[in-house]
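Q: With chain Z held as given, fit chain E with the ligand onto it using these hints.
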Amino acid sequence: MYLRKNIATSESGFIFNPATGDSFSANPVAAEILRQLKQGTGAAQIKEWLLESYEVEPLRLERDWDEFINQLKEANLLES
Amino acid sequence: MKKNYESPVIQKMNGGLMNKFGTRTEYEPVKQIDGVSVQSLMAEFGSPLFVLSERTLRRNYQDAYRAFSTRYPNIQFAWSYKTNYLNAVCRVFHQEGSWAEVVSGFEYQKALGNGVPGNKIIFNGPEKTNEELKLAADNGSLIHIDHFDELFQLLEISDQLKRKPRVAIRVNMDTGVYPVWNRFGFNYENGQAFDALKKIVASEKMELTGLHCHIGTYMLSTNAYRTAVKKLGDLAWKCKTELNNPLQYIDIGGGFPSTNTLRGSFLPGTDTVPSVDEFAEAISNQLQELGYGSTDIPLLILESGRVMVDDAGYLLSTVVANKRLSDGRRATILDAGVNVLFTSFWYDHPISPAQDFTHHTEDQVLYGPLCMNIDVLRQSANLPLLNRGDKVVVHKVGAYNMTQWMQFIHMRPNVVMIDEQGKVHLVREAETLAYIEQQERVPEHLEKISL
Ligand SMILES: Cc1ncc(COP(=O)(O)O)c(C=O)c1O
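Those sequence lines, one after another, are chains Z and E.
Using my numbering, the first residue of the first sequence is number 200, and each one after it goes up by one.
Using my numbering, the first residue of the second sequence is number 903, and each one after it goes up by one.
Hint data in this document are derived by calculation from the structure and do not stem from the laboratory.
One or more hints might be untrue.
[Unchecked claim] The list that follows gives simulated cross-link-like pairs (lysine-lysine, BS3-like), each with its CA atoms no further than 27 Å apart:
1) 984(E) - 933(E)
2) 914(E) - 237(Z)
3) 1100(E) - 1064(E)
4) 204(Z) - 1140(E)
5) 905(E) - 237(Z)
Just chain Z, same shape as in the assembly:
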């Protein structure tokens, strides 16, 4: 799973898709995930890192993760 190559992300959570002209804002957890996805980090590794750094239960994270990936797909931000 990779973020599309041309997607621009900023540290403050601003995302821009030059192909469609759409821009998005991400909350801090989302911005962190996007940064790591952009670097090519794998899903399992990102999740592990989230569990270590944030106050969150594995079950909850699993659920949120699926939903978040869906959001990225719908927003056309993922490499198909």
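A: Frame of chain Z; chain E with the ligand shown alone:
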């Protein structure tokens, strides 16, 4: 230490469109009410929880009183019981000097129970039984007649009364605000109101003391009150000159808006509603134009309800769950629904998280806990992401909720009042199954169940 977690989300930004509300007030965390922490209130009294601020109740009364008393020399407020008849609330207003305004025998008894002398109770409403009328008449209460049948009802029982009942009539009229409220009282324009007044005076069985109107609620026009005063003033003048029966008071009812935002309106209420001062200015100016001398100016009675209590009431609630709806909208489920927050049918109540959060916000629909489609607290609120267990504060819920709430699916929660010293008092206990069922009777043949 681990960082606070919040579900990851992205949100599409609309090319530079301003947020509809233009302010961030809805998502400033509200961690305390009158200096008492929201978390501690909920820890002690549960969730959901109604909280009343005695300081705000008194301040609202004093502000409204000042607005009128500095402009007109003879005024009296009467607390509109149906707006919030928790005894603690009523007593705050009675301590401040308010009379009672009631619309049923039940409310009448409550007012007596709160220590209001009978001659300081205004009895409004379209339904009064013979027993209730007799009691009110004998107590010297101000009986506001709603229709001809009630006028005849009073005449019929007049022989059984210890004294002449003190009466006024409720008048309805066109004040330029639509729809015209013509359901209650006698109409001004078609002469019905003056007819009723003539009948009362001619009967010699009642003491005609005043005139009453209540032209609507959440009124946004000060001019409507000018018109109402003008028309009541005209009737009062005719009572004096044609019926030789000068009146003691003009009661213009309630209706001043609180700063809540009506559902679906584009601008928040704080930006659109006239202040009590503006209403006071319009009403007093018009009263002065009626031409009374300093010795016979009528008493002005006000029955303001929502403007006195709305912003003194808070509803604290807990997030039960989050959902993504099939159309992509985010939904947050709270443990308080329309069963306790009846006014969410007509207001977009402001809602604030009670804890810190990140800057990210999203439009979301807020549902209550009822398994019913009608249970929507806000169709759309721009709020930060709330996690299960997070707390929220719903604002401006003091009017009409603690009376119109329903015991539907859930029981009604605790209500506390924070006094002016910051001490918290339980003023209505949460309901229990035993409380609900104590009125029920199970027929004998239904006692046994075997499944
Ligand atoms: C007769 C009467 N007086 C006063 C009130 C209080 O009105 P408000 O809350 O709009 O001030 C009402 C409410 O409907 C009413 O019917």
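Q: Take the C-alpha atoms of residue 1100(E) and residue 1064(E), compute the straight-line distance between them, and say whether it is at most 27 Å.
A: 23 Å, holds
Q: Is residue 204(Z) close enough to residue 1140(E), meaning Cα to Cα at most 27 Å?
A: 85 Å, violated
Q: Does residue 905(E) pair with residue 237(Z) here, judged by a C-alpha cut-off of 27 Å?
A: Roughly 22 Å separates the two Cα atoms, so the pair holds.
Q: Do the alpha carbons of residue 984(E) and residue 933(E) lie within 27 Å of each other, as the hint requires?
A: 30 Å, violated
Q: Can you confirm whether the C-alpha distance between residue 914(E) and residue 237(Z) stays at or below 27 Å?
A: With Cα atoms ~19 Å apart, residue 914(E) and residue 237(Z) stay inside 27 Å; holds.
Violated hints for the displayed structure, listed by number in ascending order: 1 and 4.
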